[in-house]
Every structure is written in structure tokens, then in C-alpha cells.
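Engineer: Starting from the given sequences, assemble the full structure and let the hints guide the process.
Chains as they are written, first to last, in this note's numbering: chain A, 14 to 559; chain B, 8 to 675.
Treat the hints loosely; a few may be bogus.
[What the hints assert, rightly or not] Okay, derived cross-link-like pairs now, DSSO-like style, lysine-lysine, Cα gap no bigger than 27 Å in a straight line:
#1 K568(B) x K380(B)
#2 K386(B) x K519(B)
#3 K175(B) x K380(B)
#4 K384(A) x K120(A)
#5 K175(B) x K464(A)
#6 K384(A) x K176(B)
#7 K176(B) x K380(B)
#8 K70(A) x K503(A)
#9 K176(B) x K464(A)
#10 K465(B) x K386(B)
#11 K423(B) x K503(A)
#12 K577(B) x K380(B)
#13 K387(B) x K519(B)
#14 K384(A) x K175(B)
#15 K79(B) x K519(B)
If you are wondering where the hints come from, they were derived from the structure by calculation, not from laboratory data.
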Amino acid sequence: MSLDGVPVLSLITFLPLLGAVLIGFLPERAARPVALGTALVTWLVSLAMIAVFEVGKPGFQMAEVADWIPTFGIQYHLGIDGLSLTLVALTTTLSWISILASFRPIKTRIKGYMISFLILEVGMVGVFIALDTFLFYIFWEIVLVPMYLIIGIWGGSNRIYATIKFVLYTLVGSLLMLVAILATAFTFQGTTGSWVGAFDFEVLRHYAATSGFPDALQLLAFAAFFLAFAIKVPMFPFHTWLPDAHVEAPTAGSVILAGVLLKLGGYGLLRFAIPLFPAAALTYAPLIICLSLIGIIYGAVVALVQPDLKKLVAYSSVSHMAFVTLGVFVFNQQGLQGGILQMINHGLITGALFLLVGVIYERTHDRTIAKMGGLAGITPTYVAIFGFFVFASAGLPGLSGFVGEFLVLLGAFAFNPATAAVAALVMVLGAAYLLWMFQRVATGEVSDFLKSLRGHLTDISGLEIVTLLPLGILVVVFGLLPGILLEVIKEPINDVLSDVARASEIPLDPMLVAGALGILAFVIVVRVVTLPGLRRPAAATGEIAA
Amino acid sequence: MDALNPYMDTLIPLIAVLPIAGFLFTAAFGRRLGHNAHLVPVAAVGAAWLIAMAVVYTSFTGGFGEGGHLVKLWEWIPAGNFNVEAAFFVDNLTACLLIVVCTIGLLVHIYSIGYMGHDTGYWRFFAYLNLFMFSMLLLILASNWLVIFVAWELVGLSSYLLIGFWYKKRSAALASKKAFLVNRVGDIGFALGIMAIWVNTGTLDIRESIEILVTHTATLQIPIAVVALLLFAGAMGKSAQFPLHVWLPDAMEGPTPVSALIHAATMVNAGVYLVARANPIFASAPQAMAVVAAIGIFTALFAASIALTQTDIKRVLAYSTLSQLGYMFAALGVGAWTAAIFHLMTHGFFKGLLFLGSGSVIHAVHEEQDMRKMGALAKKIPHTYRTMLIGTIAIAGIPPLAGFFSKDEILGESFKNGFTWVWAIGVVVAVMTAFYMFRLIGLTFWGTSRVDHHTEPKIHESPRVMTIPLWLLAIPSLLLGIVLSWPGPPLGPLFGLEGPGLLASWLHPVFKEGLEIMGREEEAFQIFGIDGALILVSVAVAFAGMLAAWRLFGVGIGPIKGTPRPETVKRLSARVPFLYRASLNKWWFDELNDLVIIRLGGRVANALWWFDRNIVDGIVNGVGSLTGRAGRGLAGIQTGRVQNYALGITIGLIVMIASYVMIVGNGG
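Structural biologist: Shown next, in the form of C-alpha cells:
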């Protein structure tokens, strides 16, 4: 198959926009089929993209370059490597699944919802294929708006609080990132005397690899990029927006949030932050590994006591995504492979778990674990599928979650055995919160609450199975044949490794470190002192019930 | 049989493929098959048994050569310099395990047709059983550490599914979760051990990596003793060694065929298999060997002490299993590897028999498991009684039944290898074993009936589909000891024969390297010297335990008659009140776990959550408010009024944009 001359990447990016415009002109009842159709066509094009992608070829493929703002050398520059490829495919797959999964739950303002969703897809795909830092930033911000609307309009009772928090957090990070992008471009222009390529990733990467950016810029710009991406991942301690956003988001919103949006952070680190500022990445690596370890354990422990199904899965995401950053920042082949696999697997498995929570919510309008019980006797098919993904999430070998997790642990072990030993605790903790949740929801006698809505509590429907089936198949295929993915991401990993190998750590000024720690300590003290004044809305809290 | 040799590359994978095919078929169509759901799973395991026996025969007759036979399937994880091959490997050690797993597996499948006949989850049960068979066979056939680990987790999954089979019972759901989690604790060690092996050797192929580990012991990045202990941690979890033993007694919540197959005869042996498979690693680390021996023999004693007073028939057997597994690890620790595998095999058969027998008893008295509500069942369920009596004599170590030979070999080797303390404790455990097993038989089958008078008239022997497997298991319980030790000691020398026993010669190639590393030399067997004396001690203590039990709990084998003396039992236990209560309460381990994990752990988790909601969330929110609202916290923002949010955003944005401009100015 040849797609020479066809702008495949632009097609994948802007087909959803076309669909969104179309929906705008069509009556409300056409919104669902048109949205689904658009997403499916986009998905098919992305499959074509996979078919023509040449695995093992170094550099970026299917590149599209056009001048945009020539004065500053800003271009419309798209291109993919193995890393982009897998994440774009994940995005297009989860997009049509999410749209299909929204058919029943979303009953109001369907047009607006579907338009938001399609625009969201534009942004997400764009982020993964943009090779111009400014363009990347634009797509990055595009993602924010529809997600804001999806949670804010079609979300739960406390949605305003959650949206504001989501937007504020992300905005803080992304604006810092914009500063870093600009600062990098200014520096580039300052030393080369030309704006040409000041925003072009390939040029900048080449510059970083040959001349290297000055230490001060590296430290600051990496920190800014890192903060933006760490909030998105989300890494401890920037994760608290996630449980709130998940709880309030409609099911499909949660699926996309967990499945794709969190991956933006991991992708950004691998694509921009590390290759452009490798010396700073090495310098900060111990700190980031530390935060990752905290996140892994902390997320899992806090997940244990969550009373709400969605919150539990949200905290499990914190734990799982910390595996990504751990794997990336130990900077060896296994760690990076594991980190990227973990991104894909988390997208598939956690996406599926949110869909499954949505299935319960759709029928009971409740997600409180304590009210559930004995579902296995009422909805056996549902419980079987639920169990499958619960074990996939717990890293059962043979399913995809295991390979990524194990490779990260292996990379961490090669880096430092103690690191791996701490991270490996999640094998128990992860299984603990998942199985405890599963036990309380699925086994035992049917709870009084569920008894009271017997009639409404039907087993999983065919439509819902259709949304879960592709994810289940991929979880099995990637579990048994992870080589498929590993082959595709080989080149990007080698690139990152060689970027890092060329750099050496930047010696940090002890005064600077002391100053930063001092500020941190001050903030913590102020926070703790002012704590009694902090009262959040009642719906956001709630005590744990056994 | 040699005609099959060219097809071994197909046949060996089939042993594992057949059960998984049976599982997939039954999972998909089982529900519609209703009461015929067992046909495909039983046929799959039957076929796997046939093939396995052909493979076993080929292996034992030297068809695979000394090094065993490797079947490569596909590159599972090709990750640069980390490659994991999905491949199978058969040598004589695998063959020994194949006999146990396939034979008992098949018999349990057949037994379950009767035992589970009235259960609504009939098809589900057989699907899970097939899944278990696949996982277990994968475990013993794997040629790669990571594939073993995969199977290790999969047997954990099938065990989880089968313990929690009656999911409506809360206790079953809790027990299944506990089993999985406690196993996972050990698995952390196992996983780290695998990583350490890879970091040390750059390969995860079992034989290759062992070769590198033992030849480069001095220059390893991770010391070999650490590798050995990490692997042992995994073994402790799966084989339920102290302190990871807590899951096994609870696992009795599962249907009894499951207890027999998984929690007595096969899965719990996985740890023993693992250590035996890694014998050169352990041989290179004498400290680790001592740890294995100590934990093994301690578990043997500890579990036996609990088995003395339990009243639930299955729990007695569960603690007995722990205790016997402890023996096996003690054997591994003192370097008596052949003896460990010997005991694994004999124990698999007689403990499988005892569990299936207990299932038949429970069936007969209408799902009653409390032995205080049994008694005098011998006449009413004669097949169950006779087969269980054979199993009991076998486990008690009374010659010439199977358990005597394997247990005696463990004790004898411990003594001769200089581990007199292991031997001494082992002898004490042998007394206790004979005692609690005859107590079980006495309470269940002899004496007077304490069965509920509603149930009494309805007591009936189980159908033939259940009793035939019992008799088929009784045969190896009777004979396996003689067969596997012939023509070697202890019986061979009496007839003037020389040389090692059958099993010893089979396993010689597997354990050769380990024995060489330890510098162990073969000693002549002295039937009229030290060995004879040790055998006499073993026999004497077995009889002592048995006679004590007869005296207290009665006996009724043909002409040997005795009545139970419950008053004496009460008087004796009152004399050691602490020990009695400790035994009855299982040394309070469940309470301790409850306190530490559920209560303390729950507190910690809740505290962390509070920390998350208030401190972490607060600080990050607070950073913004510090600039925007001079440190008044987010209290204002959370008034729920949109204007406030908008104001917050605006102020925040302005502050931020201003600071960026400043930074950009400096950065450029």
C-alpha cells in the first residue's frame, strides 16, 4: 500500500474537526452517528498509517512541513516515529470507543458533547505528531478546552470545583511550558543569530546534541517542561486534581482522561524535555525517581481506602503512571521500554476499568463501593469482564500490564536494586486494592441497595461489550506478543538513550538547592498552619466504609 | 514408545495446550452444556495425562539424554539485551512432577464429576480446574525463569478463582483474596530474584543462568546467597512456609477437590520444585541452605502443633500439609534433594487421597466438617474409611507404606549430613504426625456416633465416580515408597542388592551439580549400623504417636479395639493450658495479621488519604493562593461562587504572565 503524497497525519488530525463542523450544521439526532462515523474513519486512517509506517527506520516519517509564522521560524511541522505512532493509534482507538460509550449516558446537549469530543481528538492527535514546539503548545492547549467543557457541562454534581481545579492545574503547567518554549527559541536565536528552526524540534534536538543549551536554561526550561508534564502525568505531589476530575467527569471523559490525557505528560517528557535538555534531565533524575517511588506506593496505599470506585481507579492511575516516570528516568533500555509499554497498557486497562465503572453507574447511579456487593450473582458476564481487567491491572502475567511493569522493575533493578525493591511493593499493594474492591463489589450476598433496584440491574449489554472487546483483545495480544510494540518503539528509545548518553550532569549550586528547599518548607508550614480554614464541599469527602 | 520420539516437540507443548483449550472451550460454551460440561475438560486432562506418561517414559528411559529436552516456541519478550523465550523443557525432575500433577489432576477431575454434581457452577468449576492444570503444567515445563513466574502467577489466579468458587460466601471471598495477596508477598522476592539473576548473568534461561551463576560466584553483582534467598521467598509464599503460611488453612474454603489438587498435591509443591530446580544456586550458598532448612523444619513443627487440636477435618489436613511441606524444605535445606522430591511425590498421592477422602466424609454427613459431629462412620462409608486409613498409615510413616520411605530418607539424611537439630525436631514432628492423623481417623470413623440425628439415617457412601479415584490413589500410597526406593536402601540391602533406588538414579543428573558443589560424597548404606538405627527410631516414633492416639481417641481396626477417652484428653490438655490454647488458636497468627495489616495498615492508609486531601492538595492549591490572596488559603475559592473562581483565574493568570515575561527576559 502506498500513501505517497497523501497528508496522512493532517488527515488524522483534522478529520475529527471536519466531523465537528458537520455536526454543527446537522440536527441533534444526527450528532451521534456522525460523530461515531468520523471517529471510525479517523481510526481507519490511523490503521492505514500503521500499515505504511516503516518499522526500524530512524527519524520521523510521513513528515509534513509548511511555513506558518516565518518571521519567527514557526512551522506547521508534523511527523511520527514509533512512539508517536503507538500513542496516536491509542488515541484514535479510545476516541471511537468513548464516543460509542457515550451514546446511552449522554442525553442532553448531544451536539455540543460530540463536537467537544471530536475537537478533543484533534488536540490529542496533534500533540502526538507536532514537531514544532509552538504547534505542540497550541495542540496542548486545544486539549484543555473541550475537556473543560466535557467535565463542566456533562459532569457530576460537584463538576465546577473539579473543572476549575483541572484547568488551573493544567494551565499553570502549560503556561510555564510556553515560557520554556519561548526561552529556548530566544536562546537558539541568540546564539545562531537566526529564527530559522528556533521552534523546529528536529533542529533544536540537533542543536542540543551538538552545541547543547546553556546550563542555566537547561535547568530552568527542563523544570518548566517537567512541571507541565508532571502535572499531566500526574506525578506526586501534583496529582490531586485527578481524583476530583475523574469523579466528576462522565464515563467517556474519564476514559479519555486516563487513557490519553495522562499520556500527554509522559510523551512530552520523552519527546521534548529529555532530548532538548538531557543534562538537566540527568541532574533532576534522582529527584524524579524519588517522586515516582513515592507516587507508586502512595497512590496504591491511598487507593486502598477509597470509598468511590472512580476515585479508587484514579488513585491507581497515580500509582501506575509513576511507573512510567520511574522507567523513563532510570535511563536504560528496559526502563524506557517498560515505561512506554506501561503508558499503552495503562491506557487500555484503565480505560476499560472506567468503562466498566460506567456500566455500574449507568444502572445504579452510584459508585460507592460500600453499597455494592454480590454482583457476580446478578450480572455474571459483567463480573467476568470486570475481573479480567482487574487482574490485567494487577499485572497478571500473560496480559499486557505485566510486561511493562516487569520491564520497568528490571530497569530500576539494574539502576539500583533498592529502587526496584520499593517499586515491587506495588505487586502486593496493587493487588490488594484491586482485589479488595473486586471482592466488595462482586462477591458476597447481594447488597440491599442492589436488591432495591433489581429490575434496573441488567447484565452488560452488547453495545457495552463492543466498547470493551477491542481493549480486551489488545490486552491479551500485547501480553503474549509484546514484541510487536517493542519493535516499534525501539528507534525512539535508542534516540533518547543516545541523547542522554552524550550529556553529563550539571553540578548544582548547593545554595540554590537549599533555597528551593527552604521555599518548599515555608509553603508547607504556611499550608499546615492555615489548614483549619480549609473546608471543601461535602461531596468531595466522605469516610471510608469497610 | 521410541516411535514417539520424533514427535516430542509437538507432544510436550500439547500437555499444557490441551487443558488451556479445555478451559477456553468450557469458558465459552460450558454454561450451555449444563451437566455435560465436564466432558471436554476431563477429556483434555485425560489426553494430557496419556501424553505426559509417554513423555515421562521417554525421559526415564534416557530418551532425552542427560541434559533433558528443550522445545522452543516463540520469542516472548524481545527487548534488546533482555530476551525471554517461551520454551518448554523436560528432564527427569520435570517428569517426576508430571506424574504427580497429571495423575492426581486427572483423578480429581473425575472425582469432581460426582462431588460437584449438584452445584450450579458445575461448568465454571471445570473451566477453572482446566485453567489450573494449564498453569501448573506450564510451571513445571517452563525453561525460563520468567515463564515460571508467569505460571507461578497463573496458578495463583486459578487458586484464587477456585478458593473463591462459592463467591456468595463472604468467608470464601476473603480467603481467596488472602491467598492471592500472601502469595504476592513471596512473589516480590521471586520477581526480585529473577531480576537479580538477569543483572548477574544477562539471561533468564534457567540452565544457562545457573551455569553462569555458579561458575562466577565470586564476581557477581548481586551475591548468590541473596539470589537464593529471594527465590526462596517466592517458594515460601507458594508452599506456605512460616510466616507466609497463613493463607493455606483459609484456602480450605474452596471445594474439597480443589483442596486436594491445589492445596495439597500440586500447587503447594511449586516452591519445593523451584528450590530443587535451582539446586546449584542453593548449593553455592550454604547460609541460604541453612535458612531453608530452619524455616522448613520450624514450619513442620509449628504446623503439626496446630494440627493436634483442630476440630475441622479439612483444617487438620491443611496444617498437616504445611507440616509435610516443611519436611520437604528441611530436606532441601540439608541437601537431601532426592528425598525432598521423593516426599513430594508420595505426599502428593496420600495427601490427595486424604483430602478427597475427607470430601467424601463431608459429603456423607451433609456438608459437616466438624469432627466433633462425626464418629463411627467406618461401617457406613467403608470405601472412604479404608482408603483414608491407608492414607493415614502412609503419612504416619509406618512401614511399608509410601510415607515411611520418603520421611525416613529425609530424617536419615539430615542426621548424616550433620543437621542433627533438623533430625531431632523432625522426629518430634513424626510423633505428632502419627498422633494427629490417628486422632482424625479416631474422631471420624471410630468410637461412637455424634452425628446429628437428622443426618444420621441419611449417611451414605459416595458414588463410584468418587470412590474409584480414592482407590486409585490408595495404590501409590501403599506402594510408591517401595517402588521408588527399590532396589536401593532401605529395602535393597536387606536382599543383598546394591546401588541407588529408582528415583535416586532418575534424579541423579538433575542434582549431580549441586552435590558436586557441596562436596557431598556418597556414603555406603549401613543397614546394621547408623542407618538401621535411624530407621528403628523413625518406626518407633511413628508407632508411639499412633498408639497414643489410639489410647486417647479409640481404635477399631479388625481385632484391635479401643474406646475413646475424652476425659483423659480433657485432663491432659488442662495440664498444659497455654500450649493447648496456642494450638487451638493457631498461635494467634490470624489475630496478629488482623491487627498489623487490617487495623494498623488501614489507619496508615486513611492517614495518608487525609494527608492527600488536606496537605498535598492544600499546598499545591495554596501556592496559587499565596500569590493571589496573600496566604488566605483556598477557603475563599471554595465558596462555590463562580465569580470567585473567575477572579482566582484572572489573578493567577496575571501573576503568571508577569512572571513569565520576567523569566523570558532573563532567559534570552
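Engineer: What's the verdict on K176(B) and K464(A), does the C-alpha distance respect the 27 Å limit or exceed it?
Structural biologist: 17 Å, holds
Engineer: For the pair supplied as a hint, K176(B) and K380(B), is the alpha-carbon distance within the 27 Å limit?
Structural biologist: 22 Å, holds
Engineer: Next pair to validate is K175(B) with K380(B); report whether the Cα-Cα distance is within 27 Å.
Structural biologist: 25 Å, holds
Engineer: Checking one constraint from the list: CA of K568(B) to CA of K380(B), max 27 Å. Satisfied?
Structural biologist: Cα-Cα ~21 Å, so holds.
Engineer: Quickly compare the C-alpha distance for K465(B) and K386(B) to 27 Å and report which way the hint goes.
Structural biologist: The given pair, whose Cα atoms are some 14 Å apart, holds under the 27 Å limit.
Engineer: Hinted pair, alpha-carbon criterion (27 Å max): K384(A), K176(B). Please report holds or violated.
Structural biologist: Holds, at about 17 Å.
Engineer: Would you mind confirming whether the straight-line C-alpha gap from K384(A) to K175(B) stays at or under 27 Å?
Structural biologist: Roughly 16 Å separates the two Cα atoms, so the pair holds.
Engineer: Within 27 Å, alpha carbon to alpha carbon, are K387(B) and K519(B)?
Structural biologist: 50 Å, violated
Engineer: Between K175(B) and K464(A), is the straight-line Cα distance small enough, at 27 Å or below?
Structural biologist: Roughly 14 Å between the alpha carbons, so the hint for K175(B) and K464(A) holds.
Engineer: Do the alpha carbons of K70(A) and K503(A) lie within 27 Å of each other, as the hint requires?
Structural biologist: 10 Å, holds
Engineer: With a cut-off of 27 Å on the C-alpha distance, tell me whether K577(B) and K380(B) pass.
Structural biologist: 17 Å, holds
Engineer: Measure nothing beyond the straight line between the CA atoms of K423(B) and K503(A); if it is 27 Å or shorter, mark the hint as holding.
Structural biologist: Status violated; Cα separation ~56 Å.
Consistency note: the structure conflicts with the earlier hints numbered 2, 11, 13.
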